[in-house]
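A.B. asks: All chains should be built: construct the whole structure from the sequences, respecting the hints.
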Amino acid sequence: MPATILVAEDQTDIRDLIVLNLSNSGYAVTAVADGIAALASQNEQASDLLILDLMMPGLDGLEVCKALRARGRSTPILMLTAKATELDRVLGLELGADDYLTKPFSLAELLARVKALLRRADLLRAAQAGAQAQSGTLRNGDLEILPTKRQVRYRGEEIDFTALEFDLLLHFANHPGHVFSRGQLLNAVWGYTHDGYEHTVTTHINRLRAKLEADPMRPQLILTVRGAGYKMRDAPQ
Numbered sequence: 122m123p124a125t126i127l128v129a130e131d132q133t134d135i136r137d138l139i140v141l142n143l144s145n146s147g148y149a150v151t152a153v154a155d156g157i158a159a160l161a162s163q164n165e166q167a168s169d170l171l172i173l174d175l176m177m178p179g180l181d182g183l184e185v186c187k188a189l190r191a192r193g194r195s196t197p198i199l200m201l202t203a204k205a206t207e208l209d210r211v212l213g214l215e216l217g218a219d220d221y222l223t224k225p226f227s228l229a230e231l232l233a234r235v236k237a238l239l240r241r242a243d244l245l246r247a248a249q250a251g252a253q254a255q256s257g258t259l260r261n262g263d264l265e266i267l268p269t270k271r272q273v274r275y276r277g278e279e280i281d282f283t284a285l286e287f288d289l290l291l292h293f294a295n296h297p298g299h300v301f302s303r304g305q306l307l308n309a310v311w312g313y314t315h316d317g318y319e320h321t322v323t324t325h326i327n328r329l330r331a332k333l334e335a336d337p338m339r340p341q342l343i344l345t346v347r348g349a350g351y352k353m354r355d356a357p358q
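Residue 122 is where the sequence shown starts when you use my numbering, and the numbers rise one by one after that.
Think of the hints as simulated: they come from the structure by calculation, not from any bench. There's no promise every hint is true.
Unchecked claim - No more than 25 Å apart at the CA atoms, straight line, and that leaves these computed lysine-lysine pairs for DSS-like:
(1) Lys352 - Lys332
(2) Lys270 - Lys187
(3) Lys224 - Lys236
(4) Lys224 - Lys270
(5) Lys270 - Lys352
(6) Lys187 - Lys236
(7) Lys224 - Lys187
C.D. replies: Here is the structure:
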């Protein structure tokens with residue numbers, strides 16, 4: 122069965138071009154012209170991946186993304202934006218988007234991102250299936266991670282994480298003390314390496330710290346190794 126992709130883009134020429142190239146690549150594509158239709162389509166049949174334009178009539182891409190995440194949907198979301206400011210990109214990631222492309226973009230880059238996001242989703246499902254046979258809990262001081270349930274407790278309190286936040290935290294927890302560059306984390310967790318997008322990792326690191334650190338400006342769990350990257354502290358003995 123081909124992966125199903127919803128394209129929500131109000132500019133007809135861009136929408137048609139995206140649909141044509143995705144269809145030619147073997148995906149089953151549905152297209153809508155606004156955010157309301159995009160949200161409604163997911164009530165009927167959840168897609169394997171969503172491509173949302175940031176600026177759409179009715180509901181914009183950020184509002185659609187926020188609504189789906191509030192429902193507990195972890196469908197990969199690729200945001201398209203004509204805005205190039207750091208604030209717009211960070212806001213999209215904060216609301217749960219998995220990746221973004223700034224217009225104008227190359228169709229080759231779009232297809233590469235789609236492939237990476239779908240591959241990551243497949244790997245996640247495989248990991249969840251394999252984890253069913255495991256009952257172990259990962260611990261690092263007051264941090265407890267239950268991989269099979271995708272749950273995190275810190276100092277006895279359960280904390281909610283987005284799918285990407287959890288995957289990033291789990292990657293660190295599986296390799297305590299190991300230093301990863303942003304490029305390595307981008308490849309391991311997001312499924313691709315692309316120059317210029319390492320700040321996506323930085324944004325998610327900051328979100329982990331905001332949820333887990335008493336003082337995010339002086340982290341004790343997710344540490345910065347100057348000039349090298351990030352690591353989770355070694356688990357206390």
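A.B. asks: State for each hint whether it applies.
C.D. replies: The hints, checked one at a time:
Proximity of Lys352 to Lys332 is assessed by CA-CA distance (about 16 Å); at most 25 Å being required, the pair is judged to hold. With a C-alpha separation of about 23 Å, the suggested pair Lys270 and Lys187 falls inside the 25 Å cut-off, and the hint holds. A hinted pair counts as satisfied when its Cα atoms are at most 25 Å apart, and Lys224 with Lys236 qualifies at roughly 19 Å. About 38 Å separates the Cα atoms of Lys224 and Lys270, which puts this hinted pair outside 25 Å; it is violated.
A threshold of 25 Å between alpha carbons decides the hint, and for Lys270 with Lys352 the separation of about 24 Å falls inside it, so the pair holds. For the proposed pair Lys187 and Lys236, the alpha carbon gap of about 23 Å is at most 25 Å, so the pair holds. Distance hint between Lys224 and Lys187 is fulfilled; the C-alpha atoms sit about 21 Å from each other, no more than 25 Å.
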